[in-house]
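Undergrad: Sequence order for the protein chains is X and H.
For the first sequence, our numbering begins at 1 and goes up steadily by one.
For the second sequence, our numbering begins at 1 and goes up steadily by one.
Hints were generated in silico from the structure; no laboratory data involved.
Any given hint could turn out to be false.
Note that the list lumps identical chains together, so a pair holds whenever it fits in one copy or between two copies.
BS3-like mimics (lysine-lysine), calculated; alpha carbons at most 30 Å apart, straight line [what the hints assert, rightly or not]:
#1 Lys247 - Lys413
#2 Lys409 - Lys347
#3 Lys358 - Lys413
#4 Lys105 - Lys383
#5 Lys358 - Lys28
#6 Lys348 - Lys28
#7 Lys206 - Lys348
#8 Lys347 - Lys383
#9 Lys290 - Lys413
#10 Lys348 - Lys250
#11 Lys358 - Lys409
#12 Lys290 - Lys269
#13 Lys134 - Lys105
#14 Lys409 - Lys348
#15 Lys269 - Lys9
#16 Lys383 - Lys9
#17 Lys348 - Lys413
#18 Lys413 - Lys347
Please read these numbers as outputs of a predicted model, since none were measured by experiment.
2 protein chains.
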Amino acid sequence: MDIPYSRIKGGVCAAKGFVGNAVSCGIKNPDSDRLDLALVYSEAPCQAAGAFTQNRVKAAPVRMTQSHLRANPVRAIITNSGNANACTGITGLSDARIMARTTGKLLGIRQREVAVGSTGVIGIPLPMMRIEPKLEELVAGIARNKGNDIAKSIITSDTHEKEFAISFEFEGQRIRIGGCAKGAGMINPNMATMLCYITTDANVAKACLDRAVQDAVQNTFNRITIDGDTSTNDTVLVLANGEAGNKTFKRGGKGCQIFSHALQFVMNKLAKAIVRDGERVTKFVTVEVKGAASKSDAKKVAEAVANSSLVKASWNGEDPNWGRIIHAVGYSGANVREEVIDILFNKKQACTGGLQAKTNPEVLRNIVRNREFTITIELNRGKGDYHIYAADLSPEYVDFNRSEYAYWKQAQKDGIFE
Amino acid sequence: MDIPYSRIKGGVCAAKGFVGNAVSCGIKNPDSDRLDLALVYSEAPCQAAGAFTQNRVKAAPVRMTQSHLRANPVRAIITNSGNANACTGITGLSDARIMARTTGKLLGIRQREVAVGSTGVIGIPLPMMRIEPKLEELVAGIARNKGNDIAKSIITSDTHEKEFAISFEFEGQRIRIGGCAKGAGMINPNMATMLCYITTDANVAKACLDRAVQDAVQNTFNRITIDGDTSTNDTVLVLANGEAGNKTFKRGGKGCQIFSHALQFVMNKLAKAIVRDGERVTKFVTVEVKGAASKSDAKKVAEAVANSSLVKASWNGEDPNWGRIIHAVGYSGANVREEVIDILFNKKQACTGGLQAKTNPEVLRNIVRNREFTITIELNRGKGDYHIYAADLSPEYVDFNRSEYAYWKQAQKDGIFE
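Based on the provided sequences and hints, a complete structural model is requested.
TA: In structure tokens, the structure reads:
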């Protein structure tokens, strides 16, 4: 695809006809005034598609949004940070429904046209007494220039908001695609505690949109890992309102191909931004597996290496330790032969044929000192390849995740357990 | 089995007819005088059985010992710490062979009667120039009372040696079983960077011994996890020399059953000791899964929970966080239904039917403040159960494992890469 993309401003409200807003409810902490509730809304009806966590334990908003998407096109998203509304049973479903219904009513659309997304702590009901009174203000303030506020409102332990938008021309029409995402902990293939909302003014048929979203997620969000955990709330939602006025992109057509590619480009930017901003992350490592007996073997190897605590700790320590990498290759379950494995750091041989290569260790060490580097594992068994974006494991990550207990105390104070 | 066991002294040399020795070679650090090379030897011929790493990348001593065991009974074990002799190719196999051959020659037995075990860093050839000159002294000094020295010599990042021995009476004969083990990092189901040597003076038929070792390993060493990694060198070796004079324990017989049970008792003590002394570990947690649709589902759930970085970090932070546990249950791949899951800490309900239980969080918190506690996950789906012994993940663990680079510099100084 040789269509040039232009980076544009506006994030999730960059595409024509999309507006939104974000307000502060004090969901996690009543004394805080950080933004934690947001709305994305399309002035025109939409096509919509999504991808959701494969965790068997699914948060209430995920279940509800999946059923809304099956029923009819969604054109609004109400989303909060600070509480995942997961493991909250009937109360949780009812709270998610109230959020969708009230928002729908205020916008003059049906409850089923509203998707809900939540992220944060698991097991504590949403403090609805702080959310409900804010919905009116949220809807009243919708505007075009709120993309950045929305991006800010969905982050939790992220250090900064993540948004990205592009435009490109196709058959004389300018198409815009933009979105925002949040990540940080619990990031793993098959997604995470991750939210990602993307909007586009492309006119896309439902079948094209569905397939484009699935493909793009496979190649982007399903290839990032921070801590090997997979959350209950992972959601990617894409809304397309057709305001660009292009001839409908139909599945199988050139336009659909061009659109898929552009969507993947946006998702890839957001996915990589999530890894780079992982909890207490100091390294961004591309783990590239080549020459596996099959693609599935290549994936097993990439995931085993990218999720090994010992490998990740060595990256944090700037130790070009190929020994730990090869041992993770060995237990990955893939069909490998030690004697033919090569391991390279930024194309410099660290291990050749399963043995220490002649490269001076200081050369390798200088590579691992960079904030970003690529590890290539050449298995020399076939044509399967795969890559994954991973992060190091720092003592600070563990320290950061030691306790959420203070939050439970707050929930008790809120009377939520009574 | 109601046969009482008496705890006895002597560790791996507690059983009749077993002697050994340990010396210091400076394998990891030439300036250190810590014990790092050991020998266990049976004065009489033995039956022998073993269990080995399932990592596809296998260290040279593992490969050689497996072939020795297939060929004929092993009666001596030469073992070193400080270097794993893994990913060392032909040089590694040749070094392992030299260790077995020279030891055999000095003991007056065949090379194939000697097993070799190594543990330590991967990818650097053994410093044979420091090991070979010490073999004569090692063999010359063999004695009965060296069990503790041997236990000390095999440890690496362990904080103390691990040994355990028992005796029991069966049909008028006193039988002894004793052993030592090392663990620390890279401990996971299907074993680890773990070595365990057990000797017994029981007279056991090969078929009984093989089965007893496999069963006992399944129920002990394959149920412990520290960091989810599985090493290249894991070895459990059991030697039985028959010096107790009992009537041969044959597979299927009462004696074999009694012996299996006692062997498992010894292995369980050593396996638990490994978890308790895991690298920078502060908690010993029994993860117990009940009511799974199948035993294999129960195992998936136990392993997902016990290997989740976020769950383990919460134990370190003494946070009774059932939310992270249920999310690991959800991504374990097991067939579970969120709405019927109960989670208990030392039998106190934390989660009931997928929801926050009424137990005061302070009660749960006081349980997690203990050094040892049990988490029970009741899936209410069937009759499958499984348990696993796990440890927390501390910032200190990550810090401790950040770099082995100094060791590579030493290897360079040793001229091992030339």
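Undergrad: Decide, hint by hint, whether the structure agrees.
TA: How the hints compare with the structure:
1. Lys247 - Lys413: neither (56 Å within a copy, 69 Å between copies)
2. Lys409 - Lys347: Result: close only across copies, 22 Å inter versus 51 Å intra.
3. Lys358 - Lys413: Intra 62 Å, inter 15 Å, cutoff 30 Å: inter-copy only.
4. Lys105 - Lys383: neither (55 Å within a copy, 48 Å between copies)
5. Lys358 - Lys28: between (54 Å within a copy, 21 Å between copies)
6. Lys348 - Lys28: Between copies only: 27 Å across, 47 Å inside.
7. Lys206 - Lys348: So lysine 206 and lysine 348 fail the 30 Å test inside a copy (46 Å) and across (49 Å) alike.
8. Lys347 - Lys383: Result: close within a single copy only, 19 Å intra versus 51 Å inter.
9. Lys290 - Lys413: Answer is neither; intra-copy 54 Å and inter-copy 33 Å both fail.
10. Lys348 - Lys250: neither (45 Å within a copy, 56 Å between copies)
11. Lys358 - Lys409: between (56 Å within a copy, 14 Å between copies)
12. Lys290 - Lys269: within (23 Å within a copy, 43 Å between copies)
13. Lys134 - Lys105: within (14 Å within a copy, 84 Å between copies)
14. Lys409 - Lys348: Classified as between: cross-chain Cα gap 18 Å, same-chain 51 Å, threshold 30 Å.
15. Lys269 - Lys9: within (14 Å within a copy, 63 Å between copies)
16. Lys383 - Lys9: The answer is neither: 40 Å in one copy and 57 Å across copies each exceed 30 Å.
17. Lys348 - Lys413: between (57 Å within a copy, 22 Å between copies)
18. Lys413 - Lys347: between (56 Å within a copy, 26 Å between copies)
Hint compliance for this structure: hints 1, 4, 7, 9, 10, 16 are broken, all remaining hints hold.
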